[in-house]
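Participant: Sequence:
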Amino acid sequence: MSSQRARANHSLYLAKIVTQAWREELKRERIASLTLTQAFLEPIRSHLLAAYGWFLLATCNAEPPADGMLPRRCDDLQAMPQGRLFPPEINEFRQLEGSGWLQSMLSETEVQSTAVRSPGSLAVSVNDSPAIAQVEQWLSELEGLMNRMGDSLDEY
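Going by the numbering used here, the sequence shown opens with residue 267, and the numbers climb by one from there.
Under the rule of at most 25 Å between Cα atoms (straight-line distance), these lysine to any residue pairs were calculated in the SDA-like manner:
1. Lys282 with Ala272
2. Lys282 with Cys340
3. Lys282 with Glu402
4. Lys282 with Lys293
5. Lys282 with Gln369
6. Lys282 with Ala298
7. Lys282 with Gln403
8. Lys282 with Pro337
9. Lys282 with Ile398
10. Lys282 with Ser373
11. Lys282 with Glu295
12. Lys293 with Pro309
13. Lys293 with Ser406
14. Lys282 with Glu409
15. Lys293 with Ile283
It should be emphasised that the hints constitute simulated quantities derived from the structure, not laboratory data.
My request is simple: use the sequences and hints to build the entire structure.
Facilitator: Dropping the structure here:
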């Protein structure tokens, strides 16, 4: 199933490109950080979810579903064929899906604006969103997980 791993790596690569573009736009300070978060967060998350879905399929040595919908969680995986069990990596994925960075990545994100108006001023300051740091953590964690588990998958 090297095709699934290649697609997972490609989706991860796309997430890196978009994250870098977000970082560069933040440095330019031409557009409010909240607006940039609204523009970049979901597309990056979409690439990361695709990478995770493709990697789940690669881990199980499974073909993509006929409907083309990638799994987003272990529970979305099709049952293993008779006489086969899910690989042990799937148990680790299930634990990570229940808490921590993977749970956060899989959760729906909503960009909240916390605008604060200074007394006597029409200017509104918007709190910076820590979203890019969160995305960079997701990227780093997912890449590390895929590298580590990819090595063990190569041994099968």
